[in-house]
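Novice: Single-letter residue listing:
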Amino acid sequence: GQQLNQSPQSMFIQEGEDVSMNCTSSSIFNTWLWYKQDPGEGPVLLIALYKAGELTSNGRLTAQFGITRKDSFLNISASIPSDVGIYFCAGLATMDSSYKLIFGSGTRLLVRP
Amino acid sequence: GAVVSQHPSWVICKSGTSVKIECRSLDFQATTMFWYRQFPKQSLMLMATSNEGSKATYEQGVEKDKFLINHASLTLSTLTVTSAHPEDSSFYICSARDVRHFNGYTFGSGTRLTVV
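Going down the list, the sequences are from chains A and B. Heads up: the first sequence runs through residues 1 to 113, numbered per the working numbering. Heads up: the second sequence runs through residues 1 to 116, numbered per the working numbering.
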């Protein structure tokens with residue numbers, strides 16, 4: 001089935017540093033989404049990408065949709081303690097006229113004050 | 001914005017009993033809802049797609065007789081874990097698609113199920 005490979009698996013950085021994580025797939029997705037999940041909560045949408053090559057920002061977050069539509073990266077600039085959490089990429093798959101979100105394995109971010 | 005309410009937030013039950021989890025879209029109608037399961041330190045795995053007024057579509061490997069899904073209205077889907085066992089202990093999360101927005105997949109806050 002469709003799988004999304006996300007890296008790195010975890011990151012432990014100093015407050016103020018920039019962060020970069022990426023996601024790759026063997027399949028093409030027409031929409032890529034980036035989510036953040038806090039402990040014991042559901043994921044919250046950060047950024048949605050619709051077009052190959054698209055670069056989108058949301059505050060300190062920037063994400064790009066790869067030209068081949070098989071990869072995406074998420075950058076966080078000037079990290080702060082509240083950035084701690086698990087970040088997931090997700091691809092929107094269309095199957096039998098229905099839509100499904102396929103999630104990557106996640107990147108756990110820890111920020112040292 | 002779209003809000004999805006999930007209840008209960010956590011539940012502890014004995015082996016062999018059944019547990020029902022509710023997922024409600026509060027300010028929009030959802031013809032389709034999704035149920036995910038997440039084990040500790042793992043990603044969200046799609047269990048089934050819940051369709052209003054019709055049978056749910058289960059992912060490969062998910063037992064439909066064990067995880068009963070009912071989507072009787074445009075704002076409510078329920079997941080019932082029947083004859084629960086300790087290995088069913090997990091974090092269950094629902095999601096609803098807000099058709100007013102193409103990327104409108106809103107998630108509930110999850111239900112932590114512990115079977116003892």
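These are calculated hints, taken from the structure and not from any lab test. Remember, it's a predicted structure, so these values are computed and weren't measured experimentally. Don't be surprised by glycine CBs; every beta carbon is placed ideally from N, CA and C. Please note: incorrect hints may appear among the correct ones.
Computed Cβ-Cβ distance ranges for the label pairs, DEER-style [unchecked claim]:
{"#": "1", "chain 1": "A", "residue 1": "P113", "chain 2": "B", "residue 2": "R112", "range": "37 to 43 Å"}
{"#": "2", "chain 1": "A", "residue 1": "Q14", "chain 2": "B", "residue 2": "H101", "range": "32 to 38 Å"}
{"#": "3", "chain 1": "B", "residue 1": "H101", "chain 2": "A", "residue 2": "L55", "range": "36 to 42 Å"}
{"#": "4", "chain 1": "A", "residue 1": "E17", "chain 2": "B", "residue 2": "H101", "range": "31 to 37 Å"}
{"#": "5", "chain 1": "A", "residue 1": "S26", "chain 2": "B", "residue 2": "W10", "range": "34 to 40 Å"}
{"#": "6", "chain 1": "B", "residue 1": "W10", "chain 2": "A", "residue 2": "V44", "range": "17 to 23 Å"}
Novice: So, for every hint listed, does it hold in this structure?
Specialist: A quick look at each hint next to the structure:
{"no.": "1", "hint": "A/P113 x B/R112: 37 to 43 Å", "verdict": "violated, 28 Å"}
{"no.": "2", "hint": "A/Q14 x B/H101: 32 to 38 Å", "verdict": "holds, 36 Å"}
{"no.": "3", "hint": "B/H101 x A/L55: 36 to 42 Å", "verdict": "violated, 21 Å"}
{"no.": "4", "hint": "A/E17 x B/H101: 31 to 37 Å", "verdict": "holds, 33 Å"}
{"no.": "5", "hint": "A/S26 x B/W10: 34 to 40 Å", "verdict": "holds, 37 Å"}
{"no.": "6", "hint": "B/W10 x A/V44: 17 to 23 Å", "verdict": "holds, 19 Å"}
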